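Colleague: Listed here are the chains, written in short residue letters.
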Amino acid sequence: MTEHNEYPESGRVRERVLGTPPADAPIIDTDPIRAPEGVPGVIPQDPVKARKAERLVSLLFLVTFLAGAGFIASYVMFQVGTIGKTATSNYALGGTLALALLALAAGLTVWVRQVMPKYNLVQERHEMRSDDGTREYVKETFLQGADESGFVKHRLLRRTLLLAAAPLGLAPLVLLKDLGPLPGTSLRHTVWGEPTKNGKPRRLVVEGTGQPIRAADFNSPGGILSVVPEGYEEDLNALAKATLILLKFRPEEIKSGTNKNWTHDGIVAYSKICTHVGCPAALYEQTTHHILCPCHQSTFDAADGARVVFGPAARPLPQLPIGIDEEGYLVAKSDFKVPVGPSFWERGDAEAEARENAS
Amino acid sequence: MNAPPKAIAGVSTFVDDRIGAGNFLKRNLRKVFPDHWSFLLGEIALYSFIILLLTGTFLTFWFKPSMGEVVYTGNYAPLYGVKMSEAYASALHISFDVRGGLLMRQIHHWAALLFVGGMTVHMLRIFFTGAYRKPRELNWIIGILLLSLALLEGLTGYSLPDDLLSGAGLRITQGVAQSIPIVGTYVSFFLFGGEYPGHDVISRFYSIHILLIPGILLALVSAHMILMWVQKHTQMPGKNRTDKNVVGAPFYPAFMIKSGAFFLFTFGVIALLGTFAQINPIWLFGPYTPADISAGSQPDWYMGFLEGALRLMPSWEINFLGHTVTLSVLIPALVPLGLVMTGLALYPFLEQWVTGDRREHHVADRPRNNPHRTSIGIAGMTFYGILWLLGANDEISANFHLDLYTTTWFGRIAIFVGPAIAYWITYRVCIGLQRKDAEVLSHGVESGVIKRLPNGQYIEVHTPAAEDIAEHIRGKKEIPVLESAEDGEGIPPKGARSPLGRLRAKMSQAYGTDHVPLTDGHHEEGHEEEHAGVGAGDRKELH
Numbered sequence: 004m005t006e007h008n009e010y011p012e013s014g015r016v017r018e019r020v021l022g023t024p025p026a027d028a029p030i031i032d033t034d035p036i037r038a039p040e041g042v043p044g045v046i047p048q049d050p051v052k053a054r055k056a057e058r059l060v061s062l063l064f065l066v067t068f069l070a071g072a073g074f075i076a077s078y079v080m081f082q083v084g085t086i087g088k089t090a091t092s093n094y095a096l097g098g099t100l101a102l103a104l105l106a107l108a109a110g111l112t113v114w115v116r117q118v119m120p121k122y123n124l125v126q127e128r129h130e131m132r133s134d135d136g137t138r139e140y141v142k143e144t145f146l147q148g149a150d151e152s153g154f155v156k157h158r159l160l161r162r163t164l165l166l167a168a169a170p171l172g173l174a175p176l177v178l179l180k181d182l183g184p185l186p187g188t189s190l191r192h193t194v195w196g197e198p199t200k201n202g203k204p205r206r207l208v209v210e211g212t213g214q215p216i217r218a219a220d221f222n223s224p225g226g227i228l229s230v231v232p233e234g235y236e237e238d239l240n241a242l243a244k245a246t247l248i249l250l251k252f253r254p255e256e257i258k259s260g261t262n263k264n265w266t267h268d269g270i271v272a273y274s275k276i277c278t279h280v281g282c283p284a285a286l287y288e289q290t291t292h293h294i295l296c297p298c299h300q301s302t303f304d305a306a307d308g309a310r311v312v313f314g315p316a317a318r319p320l321p322q323l324p325i326g327i328d329e330e331g332y333l334v335a336k337s338d339f340k341v342p343v344g345p346s347f348w349e350r351g352d353a354e355a356e357a358r359e360n361a362s
Numbered sequence: 167m168n169a170p171p172k173a174i175a176g177v178s179t180f181v182d183d184r185i186g187a188g189n190f191l192k193r194n195l196r197k198v199f200p201d202h203w204s205f206l207l208g209e210i211a212l213y214s215f216i217i218l219l220l221t222g223t224f225l226t227f228w229f230k231p232s233m234g235e236v237v238y239t240g241n242y243a244p245l246y247g248v249k250m251s252e253a254y255a256s257a258l259h260i261s262f263d264v265r266g267g268l269l270m271r272q273i274h275h276w277a278a279l280l281f282v283g284g285m286t287v288h289m290l291r292i293f294f295t296g297a298y299r300k301p302r303e304l305n306w307i308i309g310i311l312l313l314s315l316a317l318l319e320g321l322t323g324y325s326l327p328d329d330l331l332s333g334a335g336l337r338i339t340q341g342v343a344q345s346i347p348i349v350g351t352y353v354s355f356f357l358f359g360g361e362y363p364g365h366d367v368i369s370r371f372y373s374i375h376i377l378l379i380p381g382i383l384l385a386l387v388s389a390h391m392i393l394m395w396v397q398k399h400t401q402m403p404g405k406n407r408t409d410k411n412v413v414g415a416p417f418y419p420a421f422m423i424k425s426g427a428f429f430l431f432t433f434g435v436i437a438l439l440g441t442f443a444q445i446n447p448i449w450l451f452g453p454y455t456p457a458d459i460s461a462g463s464q465p466d467w468y469m470g471f472l473e474g475a476l477r478l479m480p481s482w483e484i485n486f487l488g489h490t491v492t493l494s495v496l497i498p499a500l501v502p503l504g505l506v507m508t509g510l511a512l513y514p515f516l517e518q519w520v521t522g523d524r525r526e527h528h529v530a531d532r533p534r535n536n537p538h539r540t541s542i543g544i545a546g547m548t549f550y551g552i553l554w555l556l557g558a559n560d561e562i563s564a565n566f567h568l569d570l571y572t573t574t575w576f577g578r579i580a581i582f583v584g585p586a587i588a589y590w591i592t593y594r595v596c597i598g599l600q601r602k603d604a605e606v607l608s609h610g611v612e613s614g615v616i617k618r619l620p621n622g623q624y625i626e627v628h629t630p631a632a633e634d635i636a637e638h639i640r641g642k643k644e645i646p647v648l649e650s651a652e653d654g655e656g657i658p659p660k661g662a663r664s665p666l667g668r669l670r671a672k673m674s675q676a677y678g679t680d681h682v683p684l685t686d687g688h689h690e691e692g693h694e695e696e697h698a699g700v701g702a703g704d705r706k707e708l709h
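Those protein sequence lines, which keep their order, are chains Z and H.
Residue 218 in the working numbering sits at position 215 of the first sequence; the count goes up by one each step and never skips.
Residue 173 in the working numbering sits at position 7 of the second sequence; the count goes up by one each step and never skips.
It cannot be assumed that every hint is accurate.
No farther apart than 30 angstroms at their CA atoms in a straight line, the calculated lysine-lysine pairs in the BS3-like style are these [to be verified]:
id, chain 1, residue 1, chain 2, residue 2
1, H, K405, Z, K121
2, Z, K251, Z, K336
3, H, K197, Z, K121
Ranges of calculated distance between the beta carbons of each label pair, as one might list FRET restraints [as the list claims (entries may be wrong)]:
id, chain 1, residue 1, chain 2, residue 2, range
4, Z, F68, H, N565, 41 to 51 angstroms
5, Z, A219, H, E235, 30 to 40 angstroms
6, H, E561, Z, D181, 34 to 44 angstroms
7, Z, D181, H, K672, 53 to 63 angstroms
8, Z, V177, H, K660, 44 to 54 angstroms
9, H, M167, Z, I86, 52 to 62 angstroms
10, H, P659, Z, V177, 52 to 62 angstroms
11, Z, L286, H, H365, 21 to 31 angstroms
12, H, F582, Z, D181, 39 to 49 angstroms
13, Z, L286, H, E644, 57 to 67 angstroms
14, H, H681, Z, D134, 35 to 45 angstroms
15, Z, D134, H, P683, 33 to 43 angstroms
16, H, P659, Z, L185, 56 to 66 angstroms
If you're looking for bench data, these hints aren't it; they were derived computationally from the structure.
All values derive from a computational prediction rather than experimental measurement.
Even for Gly, the Cβ is constructed at its ideal location relative to N, Cα and C.
Okay, chain H solo, but in the shape it has when bound:
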């Protein structure tokens, strides 16, 4: 093509004449985006968000956020003539009287699950590859905010249909709010417009769910994208990839078409789920009443860890001077969430404090190459995972024929022991994987060719690793360690004299010490092709 078609050229000229968009496009049309499968995880969340906005808007056309009582006269026969809130009746109306309504409702719900899921795995990817490091700390914090808001968004949306199941979630939310010391009763009365359940909470949650939080989410998502764009995406280690460049495919045309395709894949898969995997069949639950509940009530997956925390907690309550502090509600409602979110938000800064590393990083770490970080991450995941699993302990107990209380006790112990074990195992696995890497570099890879030597010994011929693999491995970076060695007169450096300073130096030493330095295989050029197989001494030194 020699010239852009008139339609495009005309519009472009019109726009450029007025806002000078050419300069922006000149810089950005061929912006390079690095490629790795794990970079797609965040896109799942982004596209789920778009799907949520689309389907959510559709649902608002029919949904009536009112707790006013009506008698159901719609098409769903089993509930005909039953008194219920207008919210529940309109949710039934969407499901049974609006063509595509049920589909949109189910897509909306599945997209919500995938939204939080996508964010979570994306966040884990960022954590384990150290992609939160300078200069990306701000975007990391925006991400944590997004995740927290998404939980709140899910909670408010889940409550809207006003069915028996969502009401149970709302009741628990109210019980937790009420337990907050000093202000709890007031918080609850202001939120619900008086006593629980009142007549206001659905309409209040509605405006929070469709306006307030989505507005903030949209703003933060935009900021997240802009920062990513400005700072350029991180890349995985590999040939010619450094902290000073970015290697990959151009935005126009390859990356934008690929992203479009991935949006459609995400939408397609969610549409499949919304079609064939029934979710939240509210018509089976019946209208909400605070007097009833169905056994085996389960929240959406992202609330599971809070539910599990509530279930594990022993019955602690303090009474003093006529006041009550309900630790059995407060601790599980606030501590795990607080630990996880605060820990995540602070981690980039704690790591900087420990390593003293103030450099910019644009090449992602392989998780094995920072074993302590990876172990901390896995320990955190174990902590979360145990709580999450125990949020369904009644289902586990029923399906696996275990004693209910035994599962609770298992959880109470595992929540402390599990993360420690996970930390240790992960650390060993990381070191093991590093050794494997070192071996690949220094000895090459097994070629599958067995050779018999004149003296009768069998050896397997090793060949050097393929270049891309070798370069990927060589991308390992040293983790800086704080200077803490005493000088000639036995005086430690300034920062390491206080108790905190000593601790910091010790942690830095542990965090940064490389136990498996890579030795590049070149020093044994002559031997490189052949190494003795099983039982040979030079393999042993690696273990």
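Just chain Z, with the same shape it has in the complex:
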């Protein structure tokens, strides 16, 4: 870059171009870092060892070449599709790629450590702050500029500028309003409360198969059944609130927490959506009647109105009033009486309100 290097091979004596440092002096006057051979801080390697290292480095670079070529070959040779083919392709591509990268890395490392000199260079540090003169100059310049601009003197200009900026600053926020509708009361309702096409109560159907459930046939001692509303089997928004778990108890097992009017022949339906942060509470332990949410282990007593027996959930899983239609299939008698799922600011103590309304 420096111009005294321009005609090195012509044999002429290099001339110093005005403004450049002399060829034999350090380029940088503040930092004494120019360290040619034989200068402290740069310890050359033993040439014999360096030659030996060179062979190793070259070998590693060759490995990289071969592995890199292997990577391209693997791409061409191995097709994907089935699990087995994809696995083979993955191993071939990944293996060659990793080998190429690691061999190159090892080669470079040996190069630095065994061919390049050892360094122990010392550079000065200077305090980060600028000197007082500079600070003073900047301060003066700032004040002068502020004065010249008239920003301080012309009050009307200043105030109207600030005024002008305010709506523009708010505009991006306003623009975001259409990100979503307002919540309204939508979190308080589920599709169980919506009228069906034929005006009859909505049936409970098995998640996955969509089969309606005949009360007389339902017997799940020891298990729970995941249930969804008929007509909404694949509507994820509906399922996120309306999915149920269905259990059957012997009459004497049901405790006071469960509303018996909302059961049918020992069959109880609770919301499957955990009242903590909304994971499906999908695990059931038969001997204790405990429903367990696998996310954070909130545990509910299914025989006692799904009250919380352990974990971070603060409220029981809401119970859905169920009955049967004229064909004997399980149906919802109404929507949940309280909002399902995780708590929210507007929720309030919906359970207490529901109790008051009932009495």
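Model the placement of chain H on the given structure of chain Z, informed by the hints.
Modeller: Frame of chain Z, contents of chain H only:
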């Protein structure tokens, strides 16, 4: 070589003629970089970030961030004909129909884990060696921002494939958002475009994940590097290393080749992991539905501490005036993260306030030499670690046959007791290590030679420590203590009169007092080589 090759000289001249790059290179080509293994930790994060950008770009060529429903007709037979979102279908497509797609997906995921991991250990290194001290506070804060953004970046990326596992994470995120007082419902509705899960969140997370956050990350990473470059790297204590110099290898050629090699090592190891260690096999989980979940669902490691906090929390909820505040969600979601991040961001300034130290520091501390800082750090790590561990309490309970609720109760107690115990133990260990250092300086190291004296006593011959070790130890710096002593008339200095001032003075005293001052062994020149072994009195004084 007498002259640079024409190709390089020509280009250089062209560039220099136009932008004067020579001046920059003149100052920087031989910039000195100090060496220590722990300085490589941040580079792991940096290189993982580069790998993330490369593999992530590859993935965007096929990924379709849409929640529209499609019927899967791709190559993965078990899911053939299943209805799923386009996002999930395209993630399957990348895995099974694009050559190298699975590899890139797995490398991307592993690199993400290593990215946050690298940042975390790098941050711990900076903390424990006091490398955040003046003049590096700004870079420290940039680092905290980077770490916070990386968590968000991981969260948004994790949700994109729209499989059953990632959906569980998304559901928890929504439940937490919804619990925020006053605005929570609105936040949730605006984020998801209505009720959960809606049809918008994947495409929104996509633009956040591939554009917004990476853009900010890139800008902050650049700023992080530039500040490091301008302020020059810290160095570990050692011979001739002071706050006024920097000792090490030049950028050109040694450091740049070494860094290149380390990038390739990082990439190589991640490629190995991506090849042989299966990660996030989304095809096993199935498409997302809010009605189902698999037991033992675990988030990526960096979300584990939040998960653990949620699991530990008792079921507290407040209802008043028709409103609900869900402490059982709010506290675990906000408090640990807030404590850790705010604590980290403020620490340099709190330390300055306590020590009154306004000097620049360029020589890193050895953790033992600032025992209170180290203890605070380990206590913080314990706090984080317990939460993290309890984020997998179901796995722990299942694998070690422990009662599930017992693990929760253990966590509820340990989260308070653990950090305190860790603090005390760390403090004692630091003091012990300092004593060991003092002993090495004043008595030398055991030579392994046993000598019998004429009176029958056996002693082990000690030799002075090697120079580099001794210099490393002598690098210990005094921690300044605020002036709080009363003057002759019993009046404390101005700053120490208010209750806060008294507290500050007391803390300063505790923080800065050196309990094990180094005594340089030279005063006992005559004895230096020989010291009595077991049972000799002069060893005892150190304990």
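Colleague: Give me the numbers of the hints this structure contradicts, sorted from smallest to largest.
Modeller: none
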